[in-house]
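Q: Just so you know, the sequences run in chain order A and B.
According to the numbering used here, the first sequence is numbered sequentially starting from 1.
According to the numbering used here, the second sequence is numbered sequentially starting from 1.
Just so you know, the hints here were simulated from the structure itself, not pulled from any lab data.
Note that the structure is predicted; figures quoted are calculated from it, not measured.
A hint or two may mislead.
A few chain A residues that face chain B, going by a derived Cβ cut-off under 7 Å, partial list only [unchecked claim]:
| no. | residue |
| --- | --- |
| 1 | Val164 |
| 2 | Gln166 |
| 3 | Val426 |
Only part of the chain A face toward chain B is listed, based on derived beta-carbon distances under 8 Å [stated by the list, open to error]:
| no. | residue |
| --- | --- |
| 4 | Val170 |
| 5 | Phe183 |
| 6 | Tyr247 |
| 7 | Lys256 |
| 8 | Gly257 |
| 9 | Pro340 |
| 10 | Ile343 |
From the three backbone atoms N, C-alpha and C, an ideal C-beta is built for every residue, glycine too.
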Amino acid sequence: MSKEAQKEKSMILQKEMVSSLFNDLAHAKELGKKVCYTFIPGNLSELIQTFDMLPVYPEINALQSAMRKKSSAYIKEAERHAHSEDVCTYVKCDVGMMMKGNIGPTGQKIPEPDVLLLSYTGCFTFLKWFETLKREYPNAKVIMVHTPYQENGEITSEMTEYMVKQFKEVVIPEMEKVTGIKFDESKLKRHLTLAAEAEDWITKIFDSTKHKPSPIDAYFAGVYYIGPINIGFRGTQKAVDYYKELYKEIQERIDKGLGPITPEGEMKEEKYRLVVEGPPNWTHFREFWKIFYDMGAVIVASSYTKVGGVYDLGWRHDPERPLEALAEYCMNCYTNMNIPQRIDLLKKCIVDYDADGYVTNSIKSCNSFSAGQLGMMREIEDSLEVPVGFIESDLVDPRYFSYSNIKNRLESYFQMLEQRKKMEAVPV
Amino acid sequence: MWLLCAKILILFMKTLEDLIAECEELAFDLNFTRAKNWKEEKEGRVLVGYMPIYFPREIIHAAGAMPVGIFGGGDNKQIIKGDAYYQSYICHIPRSIMEIALDKHMDHIDGFIFPSICDVIRNLSGIFKQQKIGKFVKYMDFPQNFLPEIGGIFYQQEMGHVLKYIKELNGKEVTVEDLNHSIDLYNKNRQMIEFIYDIRQDYPWRLSIEEVYCIVRAGTVIPVEEHNAILEQVCEHIKEDIGTPQDKIKVVVSGAFCEQPALGLIRAIEEAGCYVVDDDYQLGSRMILGDIDTTTDNPLATIALAYIKQSQFSSSIYDVYNPKEYRLAKIVEDREADGVIFAAASFCDPSLLDAPIFQNAFDKMGIRYIAFVFSENINQYKVIKEQVGTFSDSIKLWEDDLVAV
């Protein structure tokens, strides 16, 4: 039986922010606000705020449903309506939730979209997802933003210009039409300034894992830390305040030499430092995390926390180039990077954060992450001679989480790490 | 004059059986022998491999290179190395393409193009880069913005990158004339393929869908001039009243545009009682509907405009204002088909995520359909054959309007 999770001030702050967003969504009509469905990677939060719209993130609804053990029923509902077993379970969970009344994590109804903002970045399924939702919400306006892929490991001026043209000639005029609000560039710039500030703080937070012991778990706790910056608060003072508070708490932990907080309290001993590639499983999140912290394994960096933006290489929203900044942001998300870029980034994490090992959590229904992971793993193992581990699960479909298989695999992996540490300790 | 040309053509014509046998051999040659020989015939020639679904082959041809379609190993290639790169829940085609590459079947191919279809093919381009396969690897980002001045310009730039890669290999500067000539050749190619489909709509017994498939797929691995010569002869043959009509329904097959079903499966569908009067097996060869203008001073802009305005619907394109369910329904109507068979490759996100859209719409429209999944390497079709046979029987035996043949 799990103990009650410890709550820090930043956690309470985040809970309040999320609750207020869902509360506003439930009263969107009374508040006179338009509702914009969009996705985390390439989310144009600052632009949405500029038009006073309220964001809805279908992936977040799906993962929240999974954590509340509701995803199974939603997925089955979608499968009863011709959705295949083989495809993204986020989509099916969201569709099933919609079919069963679209009740969000706070128990309030999520309103229908006025806008389906498809700034699809690094994931083709987003495209299919909104194609599906458009059939369910025929009155919603689809606004497409094509984000070019970093196929050559770079963002070229052509790519940026292409996106800026889309913003100028399609996205902004369409948003003006839907909201009846005239585009205010100075307002966007203010949001972008705040976005850059939040990005500075979150970079410091994730960089804190350089300390030994690491004061945070950059994967299991990291998914909470990226909440505000990813779900519509980036570009607001609230997000800045949250990250300042979180950083203060982490700094206190560093000063006291403490390790990460887990759902069962402080992690006592840091035995293994790992880098994890791939999203977590949400249906058994706590059990999944427990396997790691019970073994003294802390995640010092993860690719998943970069899915809504890669800030650790120095890129920031630049208010002086507002539309270019939005374009570069979209193109710079993790899954919009090509495979060699992803490998370089993960290798940098392993080296910078002095990781003992690299683990891939391969998600059955997320090809954006999973396709290519085996090649990446081999390349990382060969070039850094770091022990690699591989487990499989799914995002929100509990049928694909096998606790004993994952535990067995991880235990074997940790034994290997232990053996390697002992061998390294033996003088040659 | 026309009569004279036709008589000359007939004089040199091969039999239909010989043409089909030749095409089948070419289509499934995993060593791409004809392409390899073409390259060796003249110094400086370049081969450019492209993955499904669509790539404007015209520009490769105009650049003095030859486009080579890479559609996986089908059921002709045992997968050993490829499985080490892809998890069991990822479709089959990337692992067979890796197998073909790692077994050096494609060593003579200079560059590789990965059109934007899905996350798997996109990430495969990264694995090719990581493995340093080929002299260049290009992920071709097709625009999802359909305004000529935005998406069209971006598409032209993307094509420009491909031409630059080829020029670095063969030094050829592409002219307007080169491009217009190549567009013309591919216009003819598509015209003749459409002629074959049009004939089959009324007389599907003259050429089986399996034979059509081999003929069209052969065109992806040989020079377009040679393919056009083959198509001319096929078109002449099927103008004749050949074959024997059978009591089968007419169907459209949809969803198998990337990973290809094995030839046996394509055959099995017709054997089970369905004349396939349209399909998207080799969608790339038929992607552009109608001709592309050959008279402009900016052929790249013309190709881009054709893509934006004249494309067939695809699971990889979200054309908000032109819903695909109505476009597929229109094909069913135009081809006078009795129903649709949705055939998706296992774990094919674009196809499988489209299925509910099509099926929900078709339920409302009263268009009959069945759906199954396949993998390129399966060669047991009993279950699918029974499913298709039942579908055919249910329409033939219990529908009010019997299909006249």
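Q: Can you give the numbers of the hints that this structure goes against, from lowest to highest?
A: Violated hints: 1, 3, 5, 6, 7, 8; rest satisfied.
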